[in-house]
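Can you build the whole structure from these sequences, using the hints too?
In order, the protein sequences belong to chains Y and X.
Note that the working numbering has the first sequence beginning at 265, numbered continuously upward.
Note that the working numbering has the second sequence beginning at 202, numbered continuously upward.
It is worth saying that the hints were derived from the structure and are not from the lab.
Bear in mind the structure is a predicted one, so any value in this text is a computation, not a measurement.
By construction, the Cβ of each residue, glycine as well, lies at the ideal position given by its N, Cα and C atoms.
Check the hints yourself; a few may be wrong.
Unchecked claim - Below are the PhoX-like pairs computed for lysine-lysine, each with C-alpha atoms no more than 25 Å apart in a straight line:
no., chain 1, residue 1, chain 2, residue 2
1, Y, 529, X, 326
2, Y, 830, X, 362
3, Y, 859, X, 326
Said to hold, decoys possible - Residues of chain X clear of chain Y, computed beta-carbon distances all greater than 12 Å:
no., residue
4, 350
5, 367
6, 378
As the list claims (entries may be wrong) - Computed, partial: chain X to chain Y, Cβ under 7 Å:
no., residue
7, 233
8, 322
9, 385
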Amino acid sequence: MTEVSRTVSTKAILLGNEAIARGIVEAGCLVASAYPGTPSSEILPAVAKFADELGSPMAVEWGVNEKVAFEVAAAASFTGARSCAVMKQVGLNVAADPFMSAAHFQLKGGMLLVVADDPGPHSSQTEQDSRYFAMFAKVPCFDPCSAAEAREMVFDAFDLSERFGIITMLRPSVRVDHCRQDVELGELRPPKGQVKFDKEPSRWVCLPASVKVNHPRLNAKVEEIRAAFETEFEKYNYEVPSKEKSVLGIVASGVCFSVVSDILKGWGREDVAVLKIGTPHPLPVKMVTDFISRQPKVLFLEETYPVMEMQLPDRTGILGRWNGIVPGAGELLPETVADILAKILGMDHPAGEGSPLLRQAMEELKITPRKPMLCPGCPHRASFFSIRQALPNAVNPSDIGCYTLGVNQKAVDAVMDMGASVTMGSGFFLVHKAAGMERPIVSTIGDSTFFHMGLPGLASAVYNRHAFVLAILDNSTTAMTGGQANPAVGEKLRKGDAGRKVDIEAVCRGCGVTFVRTIEAYDVGAGKEAVKEAWEHAKSRSEPAVIIFRHPCMLLRPQQSAVQVKVDPEKCIGCKFCINFFNCPGLVFDEKKSKAYIDERFCVSCGVCVSVCPHGAIGEISGEGE
Amino acid sequence: MQYVIVGIGGQGILFASKVLGKIALERGESVIGSEVHGMAQRGGSVISHFKVGDYRSPLVMAGEADILLAFDQNEAVRNLHFLKKKGSLVVNVHDRAALENSALAGMIRDREISVHSLEGYALLKEHMGGNFLFLNVLLMGAMCGAGVSGLSLGEVSRAVKELSPPQFQDANMKVLALGAEAISGGR
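Shown next, in the form of structure tokens:
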């Protein structure tokens with residue numbers, strides 16, 4: 265869980281996500297719902313924590329997915345209350361359906377959508393820019409340049425939402441979410457108005473007939489908001505004029521503004537003017553074109569897509585993504601921005617130029633970035649090993665979560681988006697069936713992901729009689745994002761707020777699955793047997809079979825018996841089987857000696873690797889000292 | 202002052218920036234930094250940027266860091282380009298021979314980087330029963346011992362103590378002193 269930093273006087277060092285959370289609570293929001301996803305995950309736990317501290321009556325909870333979270337929050341706003349939904353960029357794809365609809369309503373209470381983008385990307389399958397989604401839905405978007413500004417924008421986003429009856433988006437990027445900065449703390453503002461739902465079908469039922477009214481009204485709102493952004497939002501949209509005659513103008517949004525400011529200051533360039541835009545949609549076009557008209561040339565810097573650039577009526581002469589001056593993918597890191605600027609300004613390459621000696625050293629010492637891998641003692645590692653050993657020829661679709669890292673164990677063949685392990689299992693079954701072929705299929709999914717979007721796929725597979733094995737890797741938490749609770753865990757976020765556990769086995773049986781077996785994930789032997797049996801069952805009856813591999817996540821620091829292990833160098837033949845198919849940070853290969861050994865810095869004595877070595881070289885250190 | 206803190210996911214890297222932040226806040230200075238969360242933290246390379254003073258961007262630009270605090274020697278080498286000329290490297294080493302690679306030594310000499318190294322794992326094995334969870338505080342101690350951060354052992358010690366869970370406070374104080382001592386005689 266997120267730890268909220270301590271308060272000193274009225275300032276505290278907060279994570280960007282904590283600053284956003286603080287704003288949400290202070291603004292008097294009454295319902296906040298989210299599904300965790302990096303880089304957004306710390307927002308909701310911090311909302312709960314601040315709500316407890318400030319004594320807000322608000323409801324704070326995880327939805328099982330982003331669509332659920334969004335719709336819960338939207339309904340709350342229909343009553344006049346302030347509400348908030350929080351997710352990451354790919355989460356908005358899941359919530360895209362209600363998001364597009366919500367834009368059409370004349371909302372009552374302020375509704376804020378916080379969507380965290382991940383340029384880079386550090387923990388995502390895409391680099392998509394949610395500001396485009398704001399444009400698509402025709403809703404206003406705030407793009408903060410720092411943690412402090414993000415908190416401030418929350419208040420204005422709620423106010424704007426209420427003033428125009430429209431949902432507003434706050435789109436922090438990862439460098440805002442996960443920046444740590446000193447931030448001003450405020451008090452709880454009492455909730456606005458009273459909670460009262462008035463029956464108005466013409467307002468709250470989105471019949472096709474309503475679109476005739478709703479869409480033109482939405483278009484009118486966009487233009488009114490654009491006018492407001494031109495004139496009333498100087499604190500987010502402002503010019504930092506050059507002190508000398510300007511040789512270049514830069515239009516920058518979000519964290520790009522912060523990056524370019526530090527670079528220009530560091531270089532002592534006082535002949536560059538910067539226009540900061542905190543509201544990239546709808547773009548304050550007059551303000552931007554006026555700035556452009558006063559500059560010899562203009563560069564656009566924004567992450568990740570050219571959202572502002574695309575809204576310009578005339579892009580002639582603009583330096584940006586459309587003409588390849590700014591790269592079309594990846595994060596705009598200081599080094600990248602410095603390169604772009606140095607070229608435009610005709611400067612020698614600035615600081616940070618790679619040293620040839622350093623490159624040579626890295627080659628000689630074979631130093632490469634260390635890839636992410638499952639934690640030592642992670643139950644998923646054992647589950648993947650069982651699955652692959654049982655059916656080495658199987659197709660293995662998997663899902664979004666820590667277990668995606670099963671790719672290191674060659675036990676994950678395809679990952680698309682949350683829940684797709686189940687539906688891809690169906691697809692692989694159907695295509696093989698239609699082609700008159702047979703191949704085992706074992707899909708893997710986590711407990712949180714199963715509830716997120718695995719369930720509809722499972723119901724579909726039962727109904728349509730798709731034969732595959734679904735392995736639910738239940739570690740009793742949402743691990744990748746830092747350990748949030750989910751329906752399988754049953755816990756809730758606010759103090760004294762009791763949840764109820766939803767039983768995965770019963771859910772699967774309720775869907776009509778006739779083979780449901782639960783295995784202790786560490787028990788590799790039992791796991792292998794269960795996978796073989798499940799596949800036979802699925803194949804013979806043409807229906808999905810479910811195995812639940814259960815063992816708590818190591819980040820929950822479970823109490824478990826310690827099994828000290830060692831590699832016997834006499835028996836180790838250097839085949840690397842353990843490295844290639846078990847892939848534990850505690851089990852490493854000494855290239856010089858051509859033997860595996862236990863790296864005690866990382867080994868947590870789970871003992872699972874004892875059953876891994878085909879030559880029996882990994883053994884338990886017997887008894888003494890226990 | 203600009204810091205880059207690097208290591209491997211699970212080594213407790215984020216704790217170091219929390220300590221730096223707390224001290225700066227008490228001194229009334231502004232801070233901004235950037236952390237890594239999520240997938241990259243699962244045993245992969247981790248980098249945290251931290252800037253104290255009048256900055257807007259959370260990221261340190263290559264060639265501008267005053268201090269590179271490295272929990273892992275390979276990660277130190279991979280991120281050495283972040284250090285400015287005459288910057289300081291405080292590093293936990295596990296393979297001294299590799300540090301003596303001639304190209305690497307040449308780069309360090311050219312850039313006039315001061316190196317402060319300690320064998321963290323060996324020290325923790327000897328003094329802390331091999332509990333490697335204390336590596337982060339050991340490195341904070343080493344940074345004080347090296348005298349490169351402008352932070353006194355006293356203020357770091359107070360910040361570490363306040364940010365530590367109660368059951369680790371005593372051990373953390375011991376480890377902090379251990380780190381400071383290990384490095385003060387270093388080169």
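**OP:** Compute the least Cβ-Cβ separation between residue 350 of chain X and chain Y, then decide whether it is above 12 Å.
**Re:** Given a closest Cβ separation of 17 Å, the condition holds.
Subject >> Distal placement of residue 367 of chain X relative to chain Y, Cβ over 12 Å >> reply: 14 Å, holds
Original post:
Is the shortest C-beta separation between residue 322 of chain X and chain Y less than 7 Å?
Top reply: Status holds, d = 6 Å.
Original post:
Can the restraint linking residue 830 of chain Y and residue 362 of chain X be considered satisfied, given a maximum Cα separation of 25 Å?
Top reply: With a Cα-Cα distance of about 36 Å, the restraint between residue 830 of chain Y and residue 362 of chain X is violated, given a limit of 25 Å.
Subject >> Pair hint residue 529 of chain Y and residue 326 of chain X, alpha-carbon separation not exceeding 25 Å >> reply: Distance of about 46 Å is beyond 25 Å: violated.
Original post:
Does residue 233 of chain X meet its interface restraint, that is, does its C-beta lie within less than 7 Å of any C-beta in chain Y?
Top reply: 5 Å, holds
Original post:
Going by Cβ atoms, does residue 378 of chain X stay more than 12 Å from chain Y at every point?
Top reply: Nearest chain Y Cβ is 22 Å from residue 378 of chain X, so the label holds.
Subject >> 25 Å limit on alpha-carbon distance, applied to hinted pair residue 859 of chain Y and residue 326 of chain X >> reply: Holds, at about 23 Å.
Original post:
Taking the closest Cβ pair, is residue 385 of chain X under 7 Å from chain Y?
Top reply: Result: violated, 25 Å to nearest chain Y Cβ.
Hint check: violations occur at hints 1, 2 and 9; the rest are consistent with the structure.
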